[in-house]
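Colleague: One line per chain: the protein sequences are H and B, in this order. For the first sequence, this note's numbering begins at 1 and goes up steadily by one. For the second sequence, this note's numbering begins at 1 and goes up steadily by one.
Just to be clear, a hint being listed does not mean it is correct.
[To be verified] Residues from chain B that face chain H, not an exhaustive set, calculated with beta carbons under 10 Å:
#, residue
1, V288
2, A318
3, L370
4, L579
Hints were generated in silico from the structure; no laboratory data involved. Ideal Cβ positions, reconstructed from N, Cα and C, are used throughout, including at glycine.
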Amino acid sequence: MTSYLDDPALWNWMSPIWFVVLALIATYLWMCRARLTARSWWFAVALMALLVAFVSPIGVLANGYLFSAHMVQHLLLLLVVPLCVLLSLPQERVAALTNHRFNFGSRRPMGMTILCWLAGLGTMWLWHVPSLCNAATQSETLGIVRSTSFLMAGLAFWWPIFSPKNRLRLSPPAAVTYLFSACLGCTLLGIYITFTTISVCPAFANPSDRIGILTMLYRAGLTPVADQQLGGLLMWVPPCSLYVCAIISVLCRWYTADELASISTATATGSSPQMTKVTS
Amino acid sequence: MSETQNEATPGTTIESPPAGRLLSWISTVDHKRIGILYICTATFFLAIGGLEALLMRIQLVLPNNTFLSPGFFNQMFTMHGTTMVFLVGMPVLVGFANYFVPLMIGARDVAFPRLNAMSYWLLPCGGTLLYFSFMTGQAPNAGWFSYAPLSTKPFNLMPAQDYWIVGLLCLGVGSIAAAINIFVTVLSCRAPGMSVQRVPLFVWMSLMTAILTILALPALNAALAMLLIDRWLGAAFFQPARGGSAVLWQHFFWVFGHPEVYILILPAFGMISEVIPVFSRKPIYGYVFVAGSSAVIVLLSYGVWAHHMFAVGLGMGADIFFAIGTLLIALPTGVKIFNWTATMWGGSIRLTTSMLFAVAFLLEFVIGGLTGVMFAAVPIDWQLTDTYFVVGHFHYVLIGGTVFGLFSATFYWFPKMTGRMLSERLGKLQFWLWVSGLNATFMTQHVLGVMGMPRRVYTYADNPGWMILNMVATIGAVLMALGTLALLWNIWISLRHGRLAGDNPWGGFTLEWATTSPPPENNFDVIPEVKSRRPLWDLDHPEHADWRLAKTTEDHGGRPDKAITAVWAFVASEAVFFLLLLVSYVVFNSKQLNGPTAASALDPNRAGLFTGCLLFSSLTFWLAEVSLGRGKQSTFRVWLGLSILLGAIFIGGQAWEYAGLISNNIMIDENLFAATFFTVTGFHGMHVIAGLVALCILLTLSMKRSLSPKRVNVVRAVGVYWHFVDVVWVVVFSIIYLRVLP
Ligand code: HEM
Ligand SMILES: [Cu+2]
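Make the full structure from the sequences, and use the hints.
Modeller: What follows is the structure, encoded as structure tokens:
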């Protein structure tokens, strides 16, 4: 295993993603006025995930070799990076910046929410239509479009749950429904990819062996069929686990946040218990 | 929205002659009486299922025994399993939820009392259908999970299997209706001050169970419908010999089956979460964890079904993922044991019978849970599946868990339901009989399983040690039967001579103890103020009231509309049903098929036209809704009439499609394309027709001027359903006609 990791061909140190990373760091520092807090760790995680997705062997193998690696890359871009970015944003600054521009969330919650949900699920489904999946793997520009759309869709998807502004977040029961149905959505696609006999992304069925590692991969058991099954399971179980974690955090918020808020008011109004007549 | 639902509690309180009393039970819509009916019916079937178990144990007491014939043994284990799950376990839990959920949240009744009565009456109806199969000469014999192809026509010609399917469909519909009712009751009928974060844990668990039922039962219904189509109309969904897939049945069954085991255990969790705090004089330790982890269990329980199928050969990857999922779901289950233990820790414990059963629950359930975790390891499962080890496992959880939780609740709540206490002496006798019986019967079965004794085989060879272990198991079964007799006798004499209970014999914390025992028809005259999770504790100990020490979320007064909440729950349930039908369509049509296919037999353009009609009817319906909201009755009727017309045109178009196919001799038994096509579109068509009936009713109501703008919520509820039917069709159309999936 170490020998794979040592293999310089498996690392893409010259990836242009570094520019994106630098740009992001600059934006972030501007956003929080160069004042780093505990929150900023999330940002570091987001950057790491971005680098793993493009620089590490995941990125190299995703580029035409392994469907499963390509799936890991999608998941990092769609779920991990946007989530960490949202969690890292300084709340007050975002509030100040977006006050006038992005007020949609509070006015048409239902329609907007459905759009966000569709963005998250839809991109995943869309890019796995065989022809599109193939094209994006073979064309560089389309690949960039795809990666960007994943990042954007991810931001949209997580926005109703972890938006830096509390007011824009979904109510906890709605959030649980939102995440649970999303889990159902990726389960369906995952099951389909895992169990179907068709090659979802034919480019991975017979890769062109750019850096001469194909035999090694096949020997390690990653034949196209096994690879696709693994990809399907990856698109199914890790996202759902992540959604379940998010659900747990939403539930915790539900039980605690309001309690803190209500302490002051309740102690002020607290009187001895009494019987209330119920209107009938 | 008003808190009370007096419209549906007719005056059954009037003293009536005996015949009238009987009639009043049959016609009742009071949630307490319906709860009792559920519990009594379940007890009746418990006796039958228990007798079946005893017959099996007598057969197995000696090697090479001939007490039962092999065929009859098969019928016995099928009927025992089906009875215990569908006619005992689920109804008795629904019965307790029916009785106590409204009381514990301070409501006057469930949200829909009449629907409640219907759900109940479907239970005896389904039970009768199932047991009527005996009259046809043979009971069902394919096991409680009726694996295909054994359950398909070529292997099972007798009508018994059909009775099994129809009976279960009947019970399934009843369970879903009951679950929707409880779901809406908890969300919409809580007393002032009772925020969702403050409901007693039994209520919370009932809510979770309701969600599980709403989303899991339709999976079974879809599978049953397909099996019925196989058997009656000659399709071949589950017949491998004709291109079908037997494994698909297993997937569908266990997608229902695994959530089902949580449907059976979560209410029991709720029961002991009420009992343990009261008899320890302490609040539950970690309310939030117990509640939240149950919500997580609900979600995870849909992702682990394939651990029942490790032996099928799903492939390494799938096995590993499902094994990990299974281990994960054991976590939120296991940690709760610590919550209950910590609640007892340092409390002043009163070891009443109720508490004894709750403590035994903790011990026995842990054993069952541990063997469950063992099965999560795939190689262990391969070794032990289909042996008595499995039988041992699930009886530890079902008896040590569900049944002990139920016994605990029975002793705890009997005083509230009848006004009299059960005898503690008889209770302890019952307790020791059941604990020793359970361990004698099923601990030995673990050993037998490891030794290789297969389950569901009518006899066994005289292998060393097997006879003695089986004898112990049978003796244990007799002990449990005696324990049940002790309970029945206890109920019988306590109803007559039991000590009077008073309102709150145990010093309980929750609202049901605030009213008389038994509660009056309208449940409460006054409801105590709810300011914490233990309103009665607060009332009795104003100095140490919970709300002084720790704050819980205030009630902001939000109570969703009953009709609309109910229709959303119903729509979610139907969505799962269609999802599975569509999955079967995709599974069978992504393979190469002989004979007609979607490409060769269907005309997407013509269907597109009718699709347009259906979609347009959604728009017109929405316009109708808007006009009613503005009080414009006649415009409302015009738009509604147009919606009906458009819906009817769609149905006409579908009839045209069917006629064309049939005239080309493409029938449902032609091949798997035809079977899946007719099943999916047929069920959708039935839903459209049901929707049309609902729209026509609305139209008639409006013509009779009894649809005031105030009742626009009813129209909106129908609207949710009508739009849902459209959305389903959009998916059906894109998958079947446009073939978006390769
Ligand atoms: C009175 C105590 C009980 C005894 C002695 C008992 C005994 C048995 C026996 C002998 C079998 C058949 C094993 C085989 O050969 O496959 C069985 C199966 C089963 N039992 Fe029980 N049982 C009892 C209570 C329960 C309860 C309370 C439930 C559920 C709430 C239950 C649910 C089941 C199920 C689901 C099966 C599997 C049926 C099948 O796989 O076909 N049992 N039991
Ligand atoms: Cu299971």
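Colleague: Please name the hints from earlier in the document that this structure breaks, with their numbers sorted from lowest to highest.
Modeller: Per hint list: single violation, 3.
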